[in-house]
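Start from the sequences, fold in the hints, and give me the full structure.
2 protein chains.
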Amino acid sequence: MTADVVFVGGGVIGLSGAWAAARAGLSATVVDPAPGRGSSWVAAGMLAPVTEATFGEEHLVRLLVAAAGRWPDFAADLGSATGTDVGYRPCGMVVVAADPSDRSVIDQLLGYQQRLGLAARRLSGTECRQLVPALAPGVRGGAEMPGDHQVDNRKLVGALLEACGGAGVTFVADRVTAVVTGPDGAARGVHLAAGGDLPAGAVVACAGAATPLLDGVPPGTFPAVRPVKGHVLRLRGPADHPLLERTVRGLVHGRPCYLVPRADGRLVVGATSEERGFDTTVQAGAVHALLDDARTLVPGIDELELEESMAGLRPGSPDNAPFVGWTGVPRLAVATGHYRNGILLTPLTAEGIAAVLTGEPLPPPLDGFGPDRSTPTTAGHVR
Amino acid sequence: MTADVVFVGGGVIGLSGAWAAARAGLSATVVDPAPGRGSSWVAAGMLAPVTEATFGEEHLVRLLVAAAGRWPDFAADLGSATGTDVGYRPCGMVVVAADPSDRSVIDQLLGYQQRLGLAARRLSGTECRQLVPALAPGVRGGAEMPGDHQVDNRKLVGALLEACGGAGVTFVADRVTAVVTGPDGAARGVHLAAGGDLPAGAVVACAGAATPLLDGVPPGTFPAVRPVKGHVLRLRGPADHPLLERTVRGLVHGRPCYLVPRADGRLVVGATSEERGFDTTVQAGAVHALLDDARTLVPGIDELELEESMAGLRPGSPDNAPFVGWTGVPRLAVATGHYRNGILLTPLTAEGIAAVLTGEPLPPPLDGFGPDRSTPTTAGHVR
Numbered sequence: 156m157t158a159d160v161v162f163v164g165g166g167v168i169g170l171s172g173a174w175a176a177a178r179a180g181l182s183a184t185v186v187d188p189a190p191g192r193g194s195s196w197v198a199a200g201m202l203a204p205v206t207e208a209t210f211g212e213e214h215l216v217r218l219l220v221a222a223a224g225r226w227p228d229f230a231a232d233l234g235s236a237t238g239t240d241v242g243y244r245p246c247g248m249v250v251v252a253a254d255p256s257d258r259s260v261i262d263q264l265l266g267y268q269q270r271l272g273l274a275a276r277r278l279s280g281t282e283c284r285q286l287v288p289a290l291a292p293g294v295r296g297g298a299e300m301p302g303d304h305q306v307d308n309r310k311l312v313g314a315l316l317e318a319c320g321g322a323g324v325t326f327v328a329d330r331v332t333a334v335v336t337g338p339d340g341a342a343r344g345v346h347l348a349a350g351g352d353l354p355a356g357a358v359v360a361c362a363g364a365a366t367p368l369l370d371g372v373p374p375g376t377f378p379a380v381r382p383v384k385g386h387v388l389r390l391r392g393p394a395d396h397p398l399l400e401r402t403v404r405g406l407v408h409g410r411p412c413y414l415v416p417r418a419d420g421r422l423v424v425g426a427t428s429e430e431r432g433f434d435t436t437v438q439a440g441a442v443h444a445l446l447d448d449a450r451t452l453v454p455g456i457d458e459l460e461l462e463e464s465m466a467g468l469r470p471g472s473p474d475n476a477p478f479v480g481w482t483g484v485p486r487l488a489v490a491t492g493h494y495r496n497g498i499l500l501t502p503l504t505a506e507g508i509a510a511v512l513t514g515e516p517l518p519p520p521l522d523g524f525g526p527d528r529s530t531p532t533t534a535g536h537v538r
Numbered sequence: 156m157t158a159d160v161v162f163v164g165g166g167v168i169g170l171s172g173a174w175a176a177a178r179a180g181l182s183a184t185v186v187d188p189a190p191g192r193g194s195s196w197v198a199a200g201m202l203a204p205v206t207e208a209t210f211g212e213e214h215l216v217r218l219l220v221a222a223a224g225r226w227p228d229f230a231a232d233l234g235s236a237t238g239t240d241v242g243y244r245p246c247g248m249v250v251v252a253a254d255p256s257d258r259s260v261i262d263q264l265l266g267y268q269q270r271l272g273l274a275a276r277r278l279s280g281t282e283c284r285q286l287v288p289a290l291a292p293g294v295r296g297g298a299e300m301p302g303d304h305q306v307d308n309r310k311l312v313g314a315l316l317e318a319c320g321g322a323g324v325t326f327v328a329d330r331v332t333a334v335v336t337g338p339d340g341a342a343r344g345v346h347l348a349a350g351g352d353l354p355a356g357a358v359v360a361c362a363g364a365a366t367p368l369l370d371g372v373p374p375g376t377f378p379a380v381r382p383v384k385g386h387v388l389r390l391r392g393p394a395d396h397p398l399l400e401r402t403v404r405g406l407v408h409g410r411p412c413y414l415v416p417r418a419d420g421r422l423v424v425g426a427t428s429e430e431r432g433f434d435t436t437v438q439a440g441a442v443h444a445l446l447d448d449a450r451t452l453v454p455g456i457d458e459l460e461l462e463e464s465m466a467g468l469r470p471g472s473p474d475n476a477p478f479v480g481w482t483g484v485p486r487l488a489v490a491t492g493h494y495r496n497g498i499l500l501t502p503l504t505a506e507g508i509a510a511v512l513t514g515e516p517l518p519p520p521l522d523g524f525g526p527d528r529s530t531p532t533t534a535g536h537v538r
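Protein chains in written order, with the numbering used here: chain W, 156 to 538; chain S, 156 to 538.
By construction, these hints were calculated from the structure, which means they are not laboratory data. A couple of the hints might just be wrong.
[Said to hold, decoys possible] Incomplete in silico selection of chain W near chain S, CB under 8 Å:
hint, residue
1, T436
2, V437
3, D447
None of these values were measured; they are calculated from a predicted model. Every residue gets a Cβ at the ideal spot worked out from N, C-alpha and C, and that includes glycine.
In structure tokens:
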């Protein structure tokens, strides 16, 4: 049987895209040796359009704000479809400064965020400690972003796998090595590492940073994404006495750091940003840096269990924004380049993928985020 | 079948004791739910009578020096019996100081060690870096202990398991809850957690820090040992470009630290000393402290993979010395309290256990290290 569409990569983008495609009436297959166990598994699950807002990225900020707006309904839909609570937690975020220079950087960003109309307010050190009693006495103040939230990315992965199964999505536990094209140059399926081809009416390449490694298409078909390594730690404390009730981000002598508390007492601490190619080795220096910065902000982490140390690869793009849309190879679409915002962008990207495949217009927030930013594209939809 | 002797605990002490007993012609059984996977697995394998020498412990130092002298033959015997190279590596040790105060402590210890006639010489910072090029530029000098060596404790565990198997030692994968005594009050075997008794002609309690938890005997039968938690990290680098060629110990602002290089590029970093009862949780603060100190001495560890973070429980005794000999319960012997020196003391302790069981005199270095230091004892041997 030929699927209407095959998804190359079963991270949150591939899984949510396949679920959306299936709900739009398409038959969908996801190919991944270990669905949901790549960067989606390592991520922290912050839904943070405001704290991620950076100078010169107004375009991206608008996309992230729109993406955040999708989350309450998306989490509810997933909950209805699967009975799984994905841990969508509108807990807000506090950003704090370890030293006066960090404070100055946060103040500058705060002004920018406020000029963009984003919900953010300045906090004194005392106000920070009122919101987050576990903060170190030395914290020099910061800001509150009441609209930046979180989801449990691992519960999200589990729910998406279940939702896909329930919607009839097929899974192939293999790795795609190449896109298969016909005499007309259009995508007709994929070639599997184990051998053999999987025919499909269309192909969506959503393998994160590994997307451009796919063979079988002309050079330049895929937009320029690259792996940006991020170390993340998972700590564990008692669920009944959580150290933190809301996400704490911080700058520690110029180095960014976050601590995302889960309802079960776990705490996700991240993240480094390293240009090291396709390397997911957990390095001693990175673990040290994360612990050093996190305990500078919240000394109480010393007592928590260090449950996991991992590294994942963000799909970084030249302008830090994603690519969603058709490539220059007919019937080959792409959804990658989500960089630091893959979890946040999941619901909107899934909508976009479904729209692309069914010939509907893209959701307006995704306008301008096609791969034509960096590559020539064509058009083509499944029906 | 009734074994001549049952060993409660299959760490290096129980395994080496059982091997020695079997070689002395006794039938031996080792009871342990996971032989070799307790503190023996977490250990670093330093054979360091000189660098462990501490003020007021002359008695213990003499024991440790004698124990170190047993190692070349013991490693060779194990190699002959099993074909396994246990990684006995006469690489020497360098002890270095992170600051002038650390230097002063090392100098005082050095004087003490030299007064005891131990092989140790003072090194300038430059001399330290000549011996260990990977040392941080800020290291303030130290000392060399050319006779302090190492063994790969995990290879040791593997070889002992194999040697025991080859010598006919029986293994029972269970936990002992109690010593079983007869109407005469003498030990007759052990009771298993899974239910049922295991009869034996004699019992050797060698369950490390858990030894005093054994039921079935009068209070005070076992000497006072307690768990002293130690976090240890295992890093991994390239085998062909090892960061270190010899063991580095150091004091970092008063905190002790060691880095033990293995031939395969691995590096064991330890260790904390914590009084936390029977807790082997890996804690964020301890991992941070170890990394912080180790990279202060050898900055290059930042690039190594952090392969494992673990915690084990040293069997600490009131005077930091072991207890080997009969207890006050006839036919119940004990071998525990090895504290920081379990691997070093393994060959000598095994000799001692075999001597006790066969009614031979203890090896002279073990004189004075019976449990009668803290408890009343009796005598009794198997044959």
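Going through the numbered hints above, which ones does this structure break? Give me the numbers in ascending order. Going through the list in order, the structure violates no hint and respects every one.
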